[in-house]
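K.L.:
Chains G and R, in that order, give the protein sequences.
The opening residue of the first sequence carries number 491 in our numbering; numbering runs sequentially from there.
The opening residue of the second sequence carries number 329 in our numbering; numbering runs sequentially from there.
It should be emphasised that the hints constitute simulated quantities derived from the structure, not laboratory data.
From a predicted model like this one, the values you see are computed outputs, not experimental measurements.
One or more hints might be untrue.
Think about it this way: if two alpha-carbon atoms lie no more than 20 angstroms apart in a straight line, the pair counts; the simulated EDC-like pairs of lysine to aspartate or glutamate are [claimed, not checked]:
1. R:K470 with G:D593
2. R:K474 with G:E596
3. R:K498 with G:E592
4. R:K524 with G:D508
5. G:K569 with R:E512
6. R:K498 with G:D590
Distance windows between CB atoms, simulated [claimed, not checked]:
7. G:Q577 with R:K433: 49 to 57 angstroms
8. R:E348 with G:M611: 49 to 57 angstroms
9. R:E479 with G:K530: 20 to 28 angstroms
10. G:T504 with R:N383: 46 to 54 angstroms
11. R:F510 with G:I533: 27 to 35 angstroms
12. G:T504 with R:I361: 41 to 49 angstroms
For each residue, glycine too, the CB sits at the ideal point set by N, CA and C.
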Amino acid sequence: MDSINIEGTPKTPTVKFDDATDTLIIRGRSIPENSIDFYKPLIDWLDSFSNGSREQLTLNMELEYFNTSSSKCILDVFKKLENISKQGKTISVKWHYEEDDEDMLEAGEDYNAIIDIAFDMVKVEEI
Amino acid sequence: MTKLKKLYLAKRYVLTEIKEIFDLYDSMEKKNIMLSFKGEMSTDLLTSILQIIENKLDRFGETSKVKKRMFNIMVECLQNLHHHIAQPAKSAGKEVPSVIVMVAKNVTGYSIITGNFVEDREVGDLKNRLEEINSMDKDQVKDLYKSVLAEGKLSEKGGGGLGMIDIARKSGEKLDFGFIPFGEDQSFFSLNVKVK
């Protein structure tokens, strides 16, 4: 399986997979104007993960902001994970939010309500 | 006309302009406008405006919560201006229309103000959507956001109609908006989003 390692920019998050810990990290700001283009490599990577031999994946969501254009793509990422989980692989999602950022906490709760994977809500001082 | 008179008229015209510059400045100053732009929206400009506002909010010592809300709402408002407004007019072969963006500080918080032209045939839909959002309480807006997100329909311009819902949700205030007919088939759409 190919690795994924996308450097963050002021408008797009860092996306990388740490194969030592089976952890996928999405960190930073996600406010691209064309979210579909940005998220395509990640969606493709999840497809190859789905067909690969690895049995578990932890997604660390560490977003500072995301725009509504990203929100649909982020939902697509979770839907992929939901399907992978249904195949029998172990999927966990850690949704990080800064301690005073109730908007980001609520955003995580929204996804958690739509997607059939239990999220861990992780309060952090700073993302 | 003598050369001198021409020069005099030209000078008077310039003087009038100079006076207008101050009037514009003064009116903005009195309304506590932190930033004002009129012209064509672009990706670079959008990035710059966000950067300027972020720096200002830092200097004002705003809480991270206010900064994030402002940033979020500004991203949605500016990307709306960039995508939903400029592109259809451009594809119709017209010149890219100007938009206006202002950010003002007021007693209770901030106002993010935008203005742009919309086609008259789009006004009804937009007005209905905004009125629907305004008729809802906080929880209803949250539920609407979730259902539009879960339905997962992306409009051809992206966003899937989530932008305005998100703006209303983050603002927590009613959306202040209006339409002024302009020309044969367009209206000027103004939006004032308050952030506390």
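K.L.:
Each hint: holds or not?
P.N.:
Hints, verified against the model:
1. Straight-line distance between C-alpha atoms of K470 (chain R) and D593 (chain G) comes to about 11 angstroms, which keeps the hinted pair within the 20 angstroms bound.
2. The straight-line distance between the Cα atoms of K474 (chain R) and E596 (chain G) is roughly 11 angstroms, inside the 20 angstroms bound, and the hint therefore holds.
3. At most 20 angstroms may separate the alpha-carbon atoms for a hinted pair to count; K498 (chain R) and E592 (chain G) meet this at roughly 10 angstroms.
4. For the suggested pair K524 (chain R) and D508 (chain G), the alpha carbons sit about 40 angstroms apart, so the restraint of at most 20 angstroms is broken.
5. Between K569 (chain G) and E512 (chain R) the alpha-carbon distance is near 46 angstroms, which puts this suggested pair outside the 20 angstroms criterion.
6. In summary, the hint linking K498 (chain R) to D590 (chain G) is supported, as the alpha carbons are separated by about 14 angstroms, within the 20 angstroms threshold.
7. As the Cβ distance of Q577 (chain G) to K433 (chain R) is approximately 53 angstroms, the hint placing it in 49 to 57 angstroms holds.
8. Look at E348 (chain R) against M611 (chain G): about 54 angstroms separates their beta carbons, and that is inside 49 to 57 angstroms.
9. A hinted range of 20 to 28 angstroms holds for the C-beta pair E479 (chain R) and K530 (chain G), which are about 21 angstroms apart.
10. A beta carbon spacing of about 23 angstroms between T504 (chain G) and N383 (chain R) contradicts the range 46 to 54 angstroms that was offered as a hint.
11. Between F510 (chain R) and I533 (chain G) the CB atoms are about 42 angstroms apart, so this pair departs from the stated range of 27 to 35 angstroms.
12. Distance hint check for T504 (chain G) and I361 (chain R): the Cβ-Cβ separation is about 36 angstroms, which falls outside the suggested range of 41 to 49 angstroms.
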